[in-house]
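Q: Keeping their order, the protein sequence lines are chains Y and X.
Per the numbering used here, the first sequence starts with residue 1, numbered consecutively.
Per the numbering used here, the second sequence starts with residue 1, numbered consecutively.
These are computed hints drawn from the structure, not numbers from a lab.
Using N, Cα and C, we set each Cβ at its ideal position, and we do this for glycine too.
Check each hint, because a few of them may be wrong.
Unchecked claim - If we take Cβ atoms under 10 Å as the criterion, some of the chain X residues that face chain Y in the derived model are:
| no. | residue |
| --- | --- |
| 1 | SER28 |
| 2 | TYR32 |
| 3 | MET34 |
| 4 | SER52 |
| 5 | ARG77 |
| 6 | PRO81 |
| 7 | GLY92 |
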Amino acid sequence: DAGITQSPRHKVTETGTPVTLRCHQTENHRYMYWYRQDPGHGLRLIHYSYGVKDTDKGEVSDGYSVSRSKTEDFLLTLESATSSQTSVYFCAISGTRNTEAFFGQGTRLTVV
Amino acid sequence: QKEVEQDPGPLSVPEGAIVSLNCTYSNSAFQYFMWYRQYSRKGPELLMYTYSSGNKEDGRFTAQVDKSSKYISLFIRDSQPSDSATYLCAIGAAGNKLTFGGGTRVLVKP
Numbered sequence: 001d002a003g004i005t006q007s008p009r010h011k012v013t014e015t016g017t018p019v020t021l022r023c024h025q026t027e028n029h030r031y032m033y034w035y036r037q038d039p040g041h042g043l044r045l046i047h048y049s050y051g052v053k054d055t056d057k058g059e060v061s062d063g064y065s066v067s068r069s070k071t072e073d074f075l076l077t078l079e080s081a082t083s084s085q086t087s088v089y090f091c092a093i094s095g096t097r098n099t100e101a102f103f104g105q106g107t108r109l110t111v112v
Numbered sequence: 001q002k003e004v005e006q007d008p009g010p011l012s013v014p015e016g017a018i019v020s021l022n023c024t025y026s027n028s029a030f031q032y033f034m035w036y037r038q039y040s041r042k043g044p045e046l047l048m049y050t051y052s053s054g055n056k057e058d059g060r061f062t063a064q065v066d067k068s069s070k071y072i073s074l075f076i077r078d079s080q081p082s083d084s085a086t087y088l089c090a091i092g093a094a095g096n097k098l099t100f101g102g103g104t105r106v107l108v109k110p
C-alpha cells in the first residue's frame, strides 16, 4: 500500500460537526493529495500539498481545509460537515517521478 | 465536457478474452498517462505509466497512447476472473495534478 495509512477507515458524523481525516506516509515523498470518489464523478482532487506548510486547492475544495505540519502527515478537515460531503476519501502520495499517485485504502465518511 | 472521458461499462468478457479499455482527453497539455485498477472497497492501484506515444507492455497488460488523436488504451490479454475490477485512466500535466476518467467496470466471467 505504498506506505500510506489513512485514519479513520470509517466514520459516521452528524451534519454541522467538524471532522478531521488523517493521512500518514512512511515514504518521505514531497507531494500528498486528498481526493474524493463519488459515483458518476470519479476521483476529484480536493487539496494537495507540495511540501511542509505548502498547500493548494484542487477542483472541489469548497468546505474543506488541509494542513501539513510534517512531511509524513496531511490532514483534511471538514469544518462543518454537510450531507453532500458523504463520500469515500482517498489520500495519495507522489512517487519518485513526482507525476504519479499512490493511494491509501480510503476513508468512508457518512454525514447524517 | 469533461477533460477526460471514459465509458463506465460494465464490460463483460469470458475468461481468456482480450479486454480493451480506452479514454479520450481534450487538453493537449497532458503529458503523463496512467492506468489504475481498483477493486471494490479498495484504493486505486497503479498498473501502467507512460509519457510518450506508442505502446508499453508489462506482462498481460499493454498501454497505448496516441497523442495526435488524444486517445489512450489499455489491453488485458488472457483475462482472468481476478481482473474483474474498475479500471481508471489518469492523465497529468505539469504541476503534478492528475485528472481521472470516471472508470470502466470490467467483469471477467469464468
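Q: Decide, hint by hint, whether the structure agrees.
A: How the hints compare with the structure:
Annotation: SER28/X was flagged as interfacial toward chain Y, and the flag is violated, the nearest CB pair being 17 Å apart, outside 10 Å. Of the supplied interface hints, the one on TYR32/X holds, with its beta-carbon coming within about 5 Å of a beta-carbon of chain Y, less than 10 Å. With 10 Å as the threshold, the beta carbon of MET34/X comes within range of chain Y, its nearest partner Cβ sitting at about 6 Å, so the hint holds. Because the smallest distance between the Cβ of SER52/X and any Cβ of chain Y comes to about 13 Å, over 10 Å, the interface hint for this residue is violated.
At a threshold of 10 Å, the smallest CB-CB gap from ARG77/X to chain Y is about 23 Å, leaving the interface hint violated. The interface hint given for PRO81/X is violated, since its Cβ lies 23 Å from the closest Cβ of chain Y, which is over the 10 Å cut-off. Here the hint on GLY92/X is kept, as its CB sits about 5 Å from the closest CB of chain Y, short of 10 Å.
Hints 1, 4, 5 and 6 from the list above are not met by this structure, while the remaining hints are.
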